[in-house]
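As a plain string of letters, each chain reads:
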Amino acid sequence: MSIRLLDDELINKIAAGEVVERPASVVKELVENALDAEARHITITISQAGLEKIEVEDDGQGMSREEIPLAFMRHATSKIKEEEDLYCITTMGFRGEALPSIAAVSRIDIYSCQEEGEGVWAHLEGGKITSIDYHPCPKGTRIIVRDIFYNTPARRKFLKSPVAESSHIFELVVKYALSRPDIAFTYRGDKKIYFKTPGNGNLRDAVLAIYGRDFLSPLIDIEYKGENYSIKGLISRPEVKRNNRKNQLFFVNNRPVRSQLLYKAVDEAYKGLLVTREYPVVILSLLMPPYEVDVNVHPQKTEVRFRDDGKVFRLVYQVLREHLDNLEYQGIGEWTKNKEDLFFYPEKEKEKKEPGVYIREKKLPWMEDPLFSREEKSQSVNQPLAGGKEVLELVFNRQAADKESDYKILGQVLKKYILLERDNSLYIIDQHAAHERVLYEQFKKQYRQEKTGQMLAFPLSLQLSAKQVEVIEKNADLLKDLGFELDIISYNSAVLRTAPSFIQGSEFQVMEEILASLEEKGEADLYDNILVMMACQKAVKAGDMLTWMEMDKMVKDLWETDNFRYCPHGRPTMFKITEEELNNIFKR
Amino acid sequence: MKFIIEKGQLSTLTTLVHRAASNKATIPALSGILIEASREKGLTMTATDMEIGIKTSTEQVDIIEEGTVLVNAQYFSDFIKLLPDSPVTISLNHETSKLDITYGRSTGHINIYDNQEHPGLPVKEALEKITLPQKVLREGLKKTAFAAAHNHFRQVFTGVLFDILEDGMLKIVASDTHRLTQYTYMLEEKGLEPFNFIIPIRTINEILRVLDDSEEKISICTTENHVVFQKPRFLLVSRLIEGQYPSYDNVIPGTFKTEVDIDAYKFTTALERARIVPADERIKIPQIQIYLEGQEAVFKTYSEMMGEIIEVIEGVDIKGESPFKIVFNTNYLLEIARIYAGEGEKVNIKFSGSLSPALITNPERDNYLYVIVPLRTSTSN
Ligand SMILES: Nc1ncnc2c1ncn2[C@@H]1O[C@H](COP(=O)(O)OP(=O)(O)OP(=O)(O)O)[C@@H](O)[C@H]1O
Ligand SMILES: [Mg+2]
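The listed protein sequences correspond, in order, to chains A and B.
Residue numbers -6 to 581, in the numbering used here, belong to the letters of the first sequence in order.
Residue numbers 5 to 385, in the numbering used here, belong to the letters of the second sequence in order.
Just so you know, the hints here were simulated from the structure itself, not pulled from any lab data.
One thing to keep in mind: the hints can contain errors.
The list that follows gives simulated cross-link-like pairs (lysine to any residue, SDA-like), each with its CA atoms no further than 20 Å apart [to be verified]:
{"hint": "1", "chain 1": "B", "residue 1": "Lys329", "chain 2": "A", "residue 2": "Met448"}
{"hint": "2", "chain 1": "B", "residue 1": "Lys304", "chain 2": "A", "residue 2": "Gly446"}
{"hint": "3", "chain 1": "B", "residue 1": "Lys45", "chain 2": "B", "residue 2": "Ser95"}
{"hint": "4", "chain 1": "B", "residue 1": "Lys354", "chain 2": "B", "residue 2": "Tyr306"}
{"hint": "5", "chain 1": "A", "residue 1": "Lys473", "chain 2": "B", "residue 2": "Ser358"}
{"hint": "6", "chain 1": "A", "residue 1": "Lys473", "chain 2": "B", "residue 2": "Leu359"}
{"hint": "7", "chain 1": "A", "residue 1": "Lys401", "chain 2": "A", "residue 2": "Tyr420"}
{"hint": "8", "chain 1": "A", "residue 1": "Lys534", "chain 2": "B", "residue 2": "His154"}
{"hint": "9", "chain 1": "B", "residue 1": "Lys6", "chain 2": "B", "residue 2": "Pro32"}
{"hint": "10", "chain 1": "A", "residue 1": "Lys473", "chain 2": "B", "residue 2": "Leu373"}
{"hint": "11", "chain 1": "B", "residue 1": "Lys261", "chain 2": "A", "residue 2": "Met448"}
{"hint": "12", "chain 1": "B", "residue 1": "Lys102", "chain 2": "B", "residue 2": "Phe83"}
{"hint": "13", "chain 1": "B", "residue 1": "Lys146", "chain 2": "B", "residue 2": "Ile317"}
{"hint": "14", "chain 1": "A", "residue 1": "Lys534", "chain 2": "B", "residue 2": "Asn155"}
{"hint": "15", "chain 1": "A", "residue 1": "Lys438", "chain 2": "B", "residue 2": "Tyr306"}
{"hint": "16", "chain 1": "B", "residue 1": "Lys304", "chain 2": "B", "residue 2": "Gly346"}
{"hint": "17", "chain 1": "B", "residue 1": "Lys261", "chain 2": "B", "residue 2": "Lys139"}
{"hint": "18", "chain 1": "A", "residue 1": "Lys409", "chain 2": "B", "residue 2": "Asn27"}
{"hint": "19", "chain 1": "A", "residue 1": "Lys534", "chain 2": "A", "residue 2": "Arg67"}
{"hint": "20", "chain 1": "A", "residue 1": "Lys534", "chain 2": "B", "residue 2": "Asn27"}
{"hint": "21", "chain 1": "B", "residue 1": "Lys329", "chain 2": "A", "residue 2": "Gly446"}
{"hint": "22", "chain 1": "A", "residue 1": "Lys438", "chain 2": "B", "residue 2": "Asn27"}
{"hint": "23", "chain 1": "A", "residue 1": "Lys408", "chain 2": "B", "residue 2": "Lys329"}
{"hint": "24", "chain 1": "A", "residue 1": "Lys467", "chain 2": "A", "residue 2": "Lys401"}
{"hint": "25", "chain 1": "B", "residue 1": "Lys139", "chain 2": "B", "residue 2": "Gly346"}
{"hint": "26", "chain 1": "B", "residue 1": "Lys354", "chain 2": "A", "residue 2": "Met448"}
{"hint": "27", "chain 1": "A", "residue 1": "Lys534", "chain 2": "B", "residue 2": "His156"}
So the derived list for chain B, only partly shown, Cβ under 8 Å to chain A, looks like this [unchecked claim]:
{"hint": "28", "residue": "Gln13"}
{"hint": "29", "residue": "Val65"}
{"hint": "30", "residue": "Pro250"}
{"hint": "31", "residue": "Asn333"}
Using N, Cα and C, we set each Cβ at its ideal position, and we do this for glycine too.
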């Protein structure tokens, strides 16, 4: 064995592996460069999921003929000079690795022009400049990356399906577009424009342009300005829930990041409003001094380390919680002088009341320390046991012969669980999970038998993302099978004409979830996924009060299903404590 | 504060207002009833959870000492409800800071809140105002509100639309997108600017509780984002639902292929029997097929569990194309049938096709209509 130094080309290819994993990584690096060049408009064009071509055009500073070769050299950057700069990064890039890494595995054309400068064009193959010349072009930079991984077939093999790759790119561009509502992003495919954000600095307008009005309308504005930290963004009302974190976006100093810490802070803020596995929509932009955060943790810079984790956590938690708590009082708006006396006591002279101005204080007293003083609302069994007696007896008599149902419902606890005695054991049943299982089995049966759709008197126009409309287009038959009839109106809207009746009122949410699972999983297990999802949407929630009849029916139905111990997601529906275990606890 | 009042009077006031109080404990003041005793105005009670607010007062009270207190709405009204029918003395005990409620020789002491925290009602200058007899409003709401959605991602469908047209015509409209109801009434006010607003169902239910069948007037005012219902010594304020109600005129069909007049009573009882066929409300909608031919209307319901019911109503008057077949949600049909069965002999149904909305009216009255959209089943196309 002999040890050799690798040649440059090979080094670049290996390094490329870290930076350029897939087409989406190319898009990411090019967009970041455009942002660093202070572009106001950025246009991203993709063809064949980026495998054929990725083009990013900006109207930023541009490069001169001398700078272009440097830009493609490893560790050549204009963004940092010395080590200190590393601890105070204000640009997206700083390593000087992206362009050489991309160039190493593709063919590139670059057009660039500086203010008052002369336009330059260059062509690169496998990392080497093969031609460079003056060429008139508008101010800014346009980079076209073709045939990615053409010289590293092994990498190409590891790519997912074009559908999956283009989803990645879409999500990525969305993330960057939302991270900078002050910049106009245009995202286009071969033939169509997916979206175009206005770049007016308003996050709502950017969300509207990308996802449409129905997505936007249940979102509320979040804002907090502190001395060093500030938070701004949109979060969903607690009624809205997703089954994954896809719609939770965080930006730290404008950089899209993933952070377990921030996920946790969000979950904590929604605690009690959503249950596990239900996720809100969150788009949050955190600004803090650059030295408070380290971005040099991960080669793709998507992970960050905060200098003071606890502080960031508390802040995000507190700001979200405060806004969520305030929601309760939003209804009536601002208080002004009480004028009701003007017409309330019609027969009497109206006396002038003092200008009683009631303005609700912004900060509620118990919010000072949210982690500790939130009142635990523990409630005991909701209904008196005596009240349910007759019903129980009725159930008993009717069911006496049936062995499966020799149970006794004891009541509902915390508006979440049903207590039950059976086989000398105490059962605690999760009402949501149990109902999900029951509904799922019923849907399965029903869908096999017949297909009924309720036509709508008011066709519901749904504002969707271009991506979602594409999915509808591709799956029209399948959707019809499920009872949905839609007409596509434009690249980002569709009209729902028929839908299964039992999802009335949640048509939009159900559609969104169906489209998401269609997009992700393709055909496989789709039917099942959709049934699970609809069951979840329709099932009683934690917090719903149940009557004895409802509890009885649910329990009875539950025991009749094949897999009654688990909900369709795989969570347990029940927990059993045997007599022996109880005796042990009480040391009998 | 001290006053003496008949239990009946007191109970009337508390039952009216207590439901406006919040049942969440997050802000104690919002779960309270504000009680004001004034020699000049009598006894006034106010409660609001900031979505809805109710204020009502009585003069049939003997005010001994003026004052204001805030008490928990639930405790207070539950307690008052159970008092014996006799005069009740209520006074604020300044030493214990409790509200003493004395009836006969017994006394209850109830904790009070700091009344400074109660926001009062957010009533501002009214923008628009209409007035109509209570009995009209009551009928209009009863016949429409049931068709609104309980929850819907398009908020407007969870409310009842009040649409005031140029000529002073008031249209009350509700829909859950599967059916639509519309009630019309000619207002007395002249020269109104057209305007409209959407009232949440919860508010409708509350206002229905206080409306009676009298000719006595109730007025409805709107402010920027609230509606105020008002009659002497009673006031209900509620938030409005924001958003634009879709243009419902397009939903009401205008051209028809088949038309039928059915005996209202027979129609209702046939549907009631059909309704017995079991179906789990949450997932499986009970459906009924209507088949029209010759002089017969046939109603068919089927259930795997129970079997089949076929009801034939003879001697119906069918005009236009027949035979004709259509499938509806049984509940939607039954709800409207019950309304018509209570007021006339016949029900008129006009169909514009098996997969198009149908219009149901009482042929003797023209101020109300019901639009229902059929189900699309695997057999219907
Ligand atoms: N769109 C652009 N407009 C103007 N200058 C650019 C553009 N793209 C790249 N450059 C220049 O080329 C240099 C190299 O870019 P490259 O992306 O390789 O490295 P970087 O952005 O400095 O760091 P990183 O590897 O972390 O992205 C940049 O420092 C910048 O000066
Ligand atoms: Mg870069």
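(request) For the pair supplied as a hint, Lys304(B) and Gly446(A), confirm whether the alpha-carbon distance does not exceed 20 Å. (result) Judged against 20 Å, a Cα distance of about 18 Å means the pair holds.
(request) With a cut-off of 20 Å on the C-alpha distance, tell me whether Lys6(B) and Pro32(B) pass. (result) Given pair Lys6(B), Pro32(B) is violated - Cα atoms ~23 Å apart, limit 20 Å.
(message) For a C-alpha distance cap of 20 Å, please report whether Lys354(B) and Met448(A) respect it.
(response) 17 Å, holds
(message) Hinted pair, alpha-carbon criterion (20 Å max): Lys329(B), Met448(A). Please report holds or violated.
(response) 16 Å, holds
(request) So, Asn333(B) near chain A? Judge it on the closest CB pair being under 8 Å. (result) 7 Å, holds
(request) Starting from Lys473(A), check that the Cα of Ser358(B) is at most 20 Å away, please. (result) 18 Å, holds
(request) Assess, step by step, whether the Cα of Lys534(A) is no farther than 20 Å from the Cα of His156(B), and give holds or violated. (result) 16 Å, holds
(request) Verify the proposed pairing of Lys408(A) with Lys329(B), using a straight-line Cα cut of 20 Å. (result) At roughly 45 Å apart (the allowed maximum being 20 Å), Lys329(B) and Lys408(A) break the hint.
(message) Check the hint pairing Lys146(B) with Ile317(B) against an upper bound of 20 Å on the C-alpha distance.
(response) Violated, because 28 Å separates the two Cα atoms, which is more than 20 Å.
(message) What's the verdict on Lys261(B) and Met448(A), does the C-alpha distance respect the 20 Å limit or exceed it?
(response) 19 Å, holds
(message) Check the hint pairing Lys329(B) with Gly446(A) against an upper bound of 20 Å on the C-alpha distance.
(response) Holds: Lys329(B) and Gly446(A) sit about 16 Å apart, inside 20 Å.
(request) Identify whether the interface hint at Gln13(B) stands, where standing means a beta carbon of chain A within less than 8 Å of its own. (result) 17 Å, violated
The structure is inconsistent with the numbered hints 4, 9, 10, 13, 16, 17, 19, 22, 23, 24, 28 and 29, although it conforms to all the rest.
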